[in-house]
Every structure is written in C-alpha cells, then in structure tokens.
Amino acid sequence: MTAAPASGRDRPAILGRLAGAVLLVPGVVWLAAFFLVPLAIMVVISFGALDANGHVTLANPGFQNYQDALQPEYVRVVWNSLYYALVTTILSIAIGYPIAYWISRYGGRRKVLLLILVMLPFWTSYLIRTYAWMIILRDNGIVNSALQAVGLTNEPIEILNTDFAVILGMTYGFLPFAILPLYVSIDRLDEHLVQAGRDLYASGSQAFIHVTLPLTMPGIVAAALLTFIPALGDFVTPDLLGGAQTTTIAKIVQVIFTSGRDWPGGSALGFLLMIVTLGGTLAALRTLRREVLAG
Amino acid sequence: MTGRSSRWLTAFVIAIYAFLFAPIVVLIIFSFDVSKRTFIWLGFTTDWYGRLFANQDLQDALWVTIQVAAIAVVGSTILGSLLGLGLARLRFRGAGATETLLLLPMVTPEIIMGISLLVFFAQLFNLNGSIGQIAIAHVTFCISYVAITVRARAAGLNPSLEEAARDLGASAIGAFRHVTLPLLAPAVAAGAMLAFALSFDDLIVTSFNAGVGSTTLPIFIYSSIKFGVTPQINAISTIIVAVVSIALFVAWRLGAFRGDLRNVVTDPEAA
Amino acid sequence: MSRQSKPVVVPFDEALQRYLTVSGISRRQFISRIAALGAVAAIGGIVEACVSAAQSPSPLPATPAPTAAGAATAVATATPVPTPIPSPEAELFVYNWDGYIGSNTVSDFSKKYGIKVTYDKFPDEPTQIAKLQSDGKGGGYDVSYPASTWLPSFVADGIVQPIQPSLVPNLANLAPEWQNPGYDPNNAHSVPNYWWTTGYAWDPAKLPGQYSAWADLWNPNLKGHLGMLDDMREVFATAAFQLGLSPNTVDEGELDQILAKLEVQKPLVRIWTDDDIGDFESGQLWITHCWSGDWYQMTSDKPNAQYVIPSEGSIRGNDTMVILSGAKHPIAAHLWINYNLDPQVSANNTNEIGYMGPNAAALPLIDPTIKNDPRLNPPDSVKAKLVELAYLAPADLDKYTKRWQLLRA
Numbered sequence: 000m001t002a003a004p005a006s007g008r009d010r011p012a013i014l015g016r017l018a019g020a021v022l023l024v025p026g027v028v029w030l031a032a033f034f035l036v037p038l039a040i041m042v043v044i045s046f047g048a049l050d051a052n053g054h055v056t057l058a059n060p061g062f063q064n065y066q067d068a069l070q071p072e073y074v075r076v077v078w079n080s081l082y083y084a085l086v087t088t089i090l091s092i093a094i095g096y097p098i099a100y101w102i103s104r105y106g107g108r109r110k111v112l113l114l115i116l117v118m119l120p121f122w123t124s125y126l127i128r129t130y131a132w133m134i135i136l137r138d139n140g141i142v143n144s145a146l147q148a149v150g151l152t153n154e155p156i157e158i159l160n161t162d163f164a165v166i167l168g169m170t171y172g173f174l175p176f177a178i179l180p181l182y183v184s185i186d187r188l189d190e191h192l193v194q195a196g197r198d199l200y201a202s203g204s205q206a207f208i209h210v211t212l213p214l215t216m217p218g219i220v221a222a223a224l225l226t227f228i229p230a231l232g233d234f235v236t237p238d239l240l241g242g243a244q245t246t247t248i249a250k251i252v253q254v255i256f257t258s259g260r261d262w263p264g265g266s267a268l269g270f271l272l273m274i275v276t277l278g279g280t281l282a283a284l285r286t287l288r289r290e291v292l293a294g
Numbered sequence: 000m001t002g003r004s005s006r007w008l009t010a011f012v013i014a015i016y017a018f019l020f021a022p023i024v025v026l027i028i029f030s031f032d033v034s035k036r037t038f039i040w041l042g043f044t045t046d047w048y049g050r051l052f053a054n055q056d057l058q059d060a061l062w063v064t065i066q067v068a069a070i071a072v073v074g075s076t077i078l079g080s081l082l083g084l085g086l087a088r089l090r091f092r093g094a095g096a097t098e099t100l101l102l103l104p105m106v107t108p109e110i111i112m113g114i115s116l117l118v119f120f121a122q123l124f125n126l127n128g129s130i131g132q133i134a135i136a137h138v139t140f141c142i143s144y145v146a147i148t149v150r151a152r153a154a155g156l157n158p159s160l161e162e163a164a165r166d167l168g169a170s171a172i173g174a175f176r177h178v179t180l181p182l183l184a185p186a187v188a189a190g191a192m193l194a195f196a197l198s199f200d201d202l203i204v205t206s207f208n209a210g211v212g213s214t215t216l217p218i219f220i221y222s223s224i225k226f227g228v229t230p231q232i233n234a235i236s237t238i239i240v241a242v243v244s245i246a247l248f249v250a251w252r253l254g255a256f257r258g259d260l261r262n263v264v265t266d267p268e269a270a
Numbered sequence: 000m001s002r003q004s005k006p007v008v009v010p011f012d013e014a015l016q017r018y019l020t021v022s023g024i025s026r027r028q029f030i031s032r033i034a035a036l037g038a039v040a041a042i043g044g045i046v047e048a049c050v051s052a053a054q055s056p057s058p059l060p061a062t063p064a065p066t067a068a069g070a071a072t073a074v075a076t077a078t079p080v081p082t083p084i085p086s087p088e089a090e091l092f093v094y095n096w097d098g099y100i101g102s103n104t105v106s107d108f109s110k111k112y113g114i115k116v117t118y119d120k121f122p123d124e125p126t127q128i129a130k131l132q133s134d135g136k137g138g139g140y141d142v143s144y145p146a147s148t149w150l151p152s153f154v155a156d157g158i159v160q161p162i163q164p165s166l167v168p169n170l171a172n173l174a175p176e177w178q179n180p181g182y183d184p185n186n187a188h189s190v191p192n193y194w195w196t197t198g199y200a201w202d203p204a205k206l207p208g209q210y211s212a213w214a215d216l217w218n219p220n221l222k223g224h225l226g227m228l229d230d231m232r233e234v235f236a237t238a239a240f241q242l243g244l245s246p247n248t249v250d251e252g253e254l255d256q257i258l259a260k261l262e263v264q265k266p267l268v269r270i271w272t273d274d275d276i277g278d279f280e281s282g283q284l285w286i287t288h289c290w291s292g293d294w295y296q297m298t299s300d301k302p303n304a305q306y307v308i309p310s311e312g313s314i315r316g317n318d319t320m321v322i323l324s325g326a327k328h329p330i331a332a333h334l335w336i337n338y339n340l341d342p343q344v345s346a347n348n349t350n351e352i353g354y355m356g357p358n359a360a361a362l363p364l365i366d367p368t369i370k371n372d373p374r375l376n377p378p379d380s381v382k383a384k385l386v387e388l389a390y391l392a393p394a395d396l397d398k399y400t401k402r403w404q405l406l407r408a
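Residue numbers (numbering that gives the first Met the number 0), protein chains in the order written: chain A, 0 to 294; chain B, 0 to 270; chain C, 0 to 408.
Bear in mind the hints are in silico, worked out from the structure with no lab data behind them.
Treat the hints with caution; some may be incorrect.
Restricting the straight-line Cα-Cα distance to at most 27 Å, the calculated cross-link-like pairs of lysine-lysine (DSS-like) are [claimed, not checked]:
| id | chain 1 | residue 1 | chain 2 | residue 2 |
| --- | --- | --- | --- | --- |
| 1 | B | K35 | C | K327 |
| 2 | C | K301 | C | K398 |
| 3 | B | K35 | C | K301 |
| 4 | C | K111 | C | K327 |
| 5 | C | K384 | C | K398 |
| 6 | C | K370 | C | K384 |
Since we're looking at a predicted model, the values are computed, not measured.
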C-alpha cells in the first residue's frame, strides 16, 4: 500500500507510509479481529442447517437458507423498514440542519454548550426515554389527556402502536446522529464564502441553495449515512412504540433467531439484508460523490 | 458571526429543544410520583430516590455501564479518528475496501453482531461475558461512527492550511499538531459524544456479551417488568441528568466553552 | 451458621465438582443406599469423606460442624435441610426473570447462609436460552429457571447437571404428581418451580359481556385493544384448540389451518406483547392473552380484571429450577433449591406473584384467595383436560417457526 498525501506535497516515502500505517492499521486490525472474524463465523453458519438436536451442522452446506429467506410475504416488512428509515432520515436532516446552522451561526460563545445540550437527553437511558414517549403517547397518556381536557376530542386517539409513533420515536432517537455531523460541517464554513454568496445572489435563500448547501454537503451525506443505515436495522423502537402492524424486517430476523433458534436461517436473511443495504449505500455514495461532491 | 437570526428560525430551534427534552421532563416528573406504575399522578414523594439508594443492583448496573462507556469512548475515538483522518487524507489502493469495512458494522443487524461475538468469545476463547467483553463489542461498533464524522470534517479541510504552516517553518508534526488537529477537534469531540450515547444505550449486542455480574443499565431496565421498577429508574435518570447538567454548568462558569472554536486557527493558544 | 472458614472448603468443593461431572448417577445411588440406613450427622459425614477419598487423591475434608443442622431449622419450618450441610461456597450466580420470586427470598437466603447471591435477570426466554447454551455449560451461571420443555434438550446437551437428592431433602415436599414428571423422570436434573394455565384476561369496565372461549378473541369489535402473547407455541395453541387440533401437532396440513385461523385474527391484534402485565395495566390493551399468575398481578392495579381458562381447551405449563453443568458453586446451588422448596419460602413466592408451586407442604401457608381460586389453582377435573406443550424436535419446531415468521410479517 502506497500512501500519498492529498496535498501533493513531497514527503519522504517512508514517512508517508508510516503515517498511513499509524492512521489506518490500528482501526483496520481491530475491525478485522473483532468484527470480520466473528462475522465470518456467522457467514459459515448461514450455509449450514440445524441437526436433530438443534445444533448447527455443516454437513450439507448450501444456499437453502438464502432461498428460504426470499419470501414474498416479507415484502411488506421490508417496505416498512425502508419507509421508516427513509422518513426518519429526511426528518432528522430537515430538523437537524436548521438547528446545527443556528448553533453554528448564532450560538456565539455558547456554541459548544448548546451542542452539548442537544446531546444531554441522550445520556440518559434510551429505553427510559422510549418508555417516557409511551407515557406521552398512549391512549390515556399526556397527549390524549390534554386533547380531551381541552375538548378537542372525546375519545382517545390511537397514537401509540402506530406508524406515526414509530417515526416520531425513531426521529427523536436519531436526531443527534444527524445534528452532530451536520454541525461539524456547517461550522467550518468560511463566512467569507457565505458573504460572497450573499453579494452574488439576489436573495438569502438563493445564496443558501447555491453556496451554503453545496459546501455543507459532506455533512449532509455523513448525517444521512449515520441515520439511514442504523434506522434500517432498528427494531427496538418499532417494537416498543409500534405494534403488531408495524413489524420491520429487522424484527423478523430477530424472530427467526429467537423463536426457532434458527441461527442458519436468521444469519442468511440478515446477510441478504446487509448485502442489499451495503450495495445500495455504496451506489448512492458513488453517485453523490460524482454529482455533488465533485471529488 | 453572532448577528440575530430570524424569529422563525429561533422559534423553530426552541421548539426542537422542547421536543428533545419532553421525555426527560416526563421522566423527571414521574420520578416523584407516588404511583408505582407511572399511570396517573397520585402525589409527590421522594420515596423512589430513597429506594434507589438502597438498590444495589441498579447502582451496580449503572456503574458497569459507565465503565464500559468510558473504555468504549476512548478506544473507538482513538481508532476511529485515526481511521477517519487516514481515509480523508491518504489516497491508497485499499481506500474503497476500507470504506466498505467502515460501513459494514453499521449495516449489520445488531442481533447478528451480538450472536457472532457471543460465539466468537464463548467457543474460541471460552469466555462467558464480562465488562471487558462488552467494551470490546462497543468499541467495534462505535469506530465507524467516529470515523465517518471525523472524515467528513477532514475531507473538508483545506490542505493548504497545513502547507502554509510548513512553509512558515513548522515541522510536519508541528503543523499537524497546531493546525490540523485543532481543526479536527470538534469532529473528534462529536464522534466521542456519539460513541458515548451509542455505548450507554446499547441493548442487543450487550445482552449477548454480558456475563455474571456485568449487567448494564439497559439490560437491567429491559429485563425489569415494564413500568414496575420505572420510578426508581426514572430517579436514576433524573440524577444522571442533574449530575451532567451541574458538571456542564461548572465547566461553563470556569470558561470551558468560551471562545469560538474557529478562532483556534488564528490563535492556537486560545484553545 | 453453616459456613466453615477452614481451607477444607476448597478441596471438598473441588472433589464434589469433579465427582459430579464424572459420575453423577452412581453417586446418587450410592448415597441413597447409605441414606436408607438412616443417615445421621456423624454417619453422613463419614460417608461424604469416604466417597470423596475414593474418588480423588485430594485430602479428606473434615466433617462440617453439626451445628449447621440446628441453625438451619431455626427458621419456622418443619422440614429438614441437608444434614450435615456440606460447606457451601461463598457465592451463588442465579439467572431468572424479573419479579418471579418473593421480594425477600434472595436477601433472606443470603442472610441465612451468608452466601452472596448475584441475581441476574433476562428480558425474555430466547436471551436466557442463548446464554445458557453459549458455552454448552450454562454461560457461567449456577442456577437458572428454564421452562420444562427445554429439559430433554438440556439433558442431551449436557447443559444441566444431576440434582443430588441428599442435598435437597425438601424434595419430599413435592406433591405426588410432581415427583416423576414426563419431561424429566424422577426430577433427575430439575426441580419444578411454578405451574400455570394459559388463558386471557380482560377489563370488564371496558368490555362488559361474556368471555369464555378462545373464539371470543376473534371478535372484530376488539380491534385495536387486543393483545396476544409474543410466544409462538402459545399463540398457535389458541387456534389449535378452536379447530379441535392438538397444540403439539406436527402435521403440515393442520399447521396450515392454524396459520390461516391466526391470519384472520391478526388485523385485530394491537401488540404481540412481551409485557402483558404492563400493557394491560397501562390501558393499551383491554383484553389480552396471558398466563394465570400474570392476571393475578394485574389485579393489584385493576382489581376488577377477569381471567378465564377458555372452554375449547388450554395449556398447562411449568418451569423448573436447574443447576447448570458449569456451575462453580454447586453446593450453594443445591442449598438454593432446597431453600425454595421450604414450605414457607415457597408459599411466600406464590403469595407474591400468584403462580402456584408444586409444593404440597406449602399449601396450608398459601393465601386462600390464590389457593381457592379455580382460575389460579384449578381443581383436578379441570386440570385433567389441560394439555401440556411437548418438546418438539428441531425439524418439527421448524414447521412452526416458518409459519410464525409469516404470521408476524
């Protein structure tokens, strides 16, 4: 592996290679040891089957589990997962961008404090925050009680255990994952560029679209990555805030593992999902890089 | 620049902060509710705080969680920041593969990651779970988040800044320390904050890597009958919020958050 | 106080451990023969010493102080504890559900024997089983509480170790029907813990009317207020009973009929609940599939909640206490099991959580509202018609899980 600094400046080759090694090797080695190796075990298992005692056997390896995983009945739950993840990502970025922008531009001396305040709720337990949402959203919860007290409704509205509750909960959970990368990208904007943009373009919003937005695109891409991908695999939030009608494909993977103790079957479906998600993400990144980031 | 923002934007931001803190307010309120099952407000009491201080299991779970999070944050921030910077700065043949490697933990369903580590540690090393094992698992899935956050920032840095420092006579390491590193600092800090939140809250992967006596707070809560122990757990969450808030306030008063981070570029001593 | 602080504790523990893993059955036979001669403290001690010496080269352990027997029976119970009590280890690792034991049981046991109990909890059965099976020996725990259906596979896989009856004299308290269960003959590897029926509970304030059959849960009026247990076998059983089929069927055609019936109900289900108690009490569910003891706990918040064992038929189940084969504290584990079989302790457990135990000697001490309620403690005529879920071989279980996945999707 030859490492060349992006600046193009001449450096002694050894120092360059050393820099490359120090930067990349520790992380890669760690991931190889504690992620790739265990994952490889599961890949091997995914080609196996369960024997008469319920143990994984590799006697007849094959693609049976992968074929079984391709059930047309799963289309609905795959769609659920995609839908929730997509809406959550869009909402998180749509909400997160103004917040990050505001903190960066107008936070002044309190910038970092404001940022930490964003994170503060997320240093309590996720489960407890979710239970708190259940208290707020359930049939006899705070929202419904308030609506009835004010006279807007007579009967409780079914909020908990619906798509709405799931998306609300997921957006809430992923907001900081969007805000932080957006902030670090927006914050490094050179104000002179923004100022120039204002001078060049007729209105503030024009300047925003043509100058600020493209310059902060790396942050938007990072935010989208850090939100969409984990949101696809999130099944705890849809499980707690959703109900029987909001099942996600991630939940199905879990059900396969837990109800039938079918590790080969669960692994196969899980890997299928991974391949699809990864492929889609890489394709999207490549397109974005070409079209938007321009190198 | 600290001009005045539009009223709409400010109102929006306030609304979002309210949204972020709504559940926190709810759980704080219900930590003082007489009703055990947090359904109705039955009266004010500080009983639950008393019981919390007698609940050794819950406190132990919190302590385990903090230990794990500390190790996970340190480990993943270091490894992830190095990776992120390397990916942004260096052009090498394995770049695409490394990027894919970074994305892999994020696209892996948690139950698969959890079980794979369970099998890995139990069958290959005969280990039954421990704080260390949980921490290793956490570092593993946190690295990607730190790396991606740092890379986004590093990719946007103007390399001529570092060149300029070199031109002015700084050594390679000096330029890195006084120019690049401070510019990266916000991203590293952001990555660390993300890693902490991820580690503190993790349930699935942790549950497969916990062992005897290494129950974390999420596992403890999830294993409790819902709404059964909640008032005590509300109490402990309230205390966490209070402690962090007080620490932040003290740090702020002591001037920790003074200054625009961007000023660091022109005056490193102000950092 | 039964604990010895002499070094002899260690060798004895090692010897016993080695012995247990090597030759469980023959030891029990040997001990029971000697016990039949009328074991008294001194004889018992000599027997223990001889057995250990015969099995291993380690030095003979001294006979633990007979005062142990006296101290143990100081608690208000008429049944014996092991005499002599071999010195238990200082710690015990237990793995159980939350809220599934009397609230003082752990601390009382700790205080009585001076054993530090690490009581870890799991949120659901799959987590428990995965942990116990992870290293083939119990995942580092000493005692756990699996459902009875797991015993055949646990025994086959060597995950549990045989119970030494000499260390659990309270086994004599078990009601006759529990002394030789089908899933574990003669309780060789387990001790029954609680038993229950499965039915459903509802809130008459929200749902006035007659509810007596599983078919009532298919009423479209329940849409948005109905909960079913997140438990594959239990859910399939509700449909099986309505169709007149066995809940243990492995016929693909019958299973398809069961799936079809459940698909009809699915749009009505609000939650596949892991926490029927919480979801019912919070008002999210007005009517929910649940176990008998859970209904008892619901009544503490909703005193008017009703429960029924449906007329088409229902499940009777039980779970067990087992000692894992990798247990580092086997003596303490036996002591724990013996302690929970004490009539008062067993009654305390039942009185708090509403699940009946297998303990005949505890019956007089059980709360009459539990003991006399036919929904929590059905008479024999009803019990005879209840069905137990049988262990299914993986190939057969697979037929269920494939359909369960389709139902959930």
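Starting from the hint list further up, note which numbers the structure goes against and sort them upward.
1, 2
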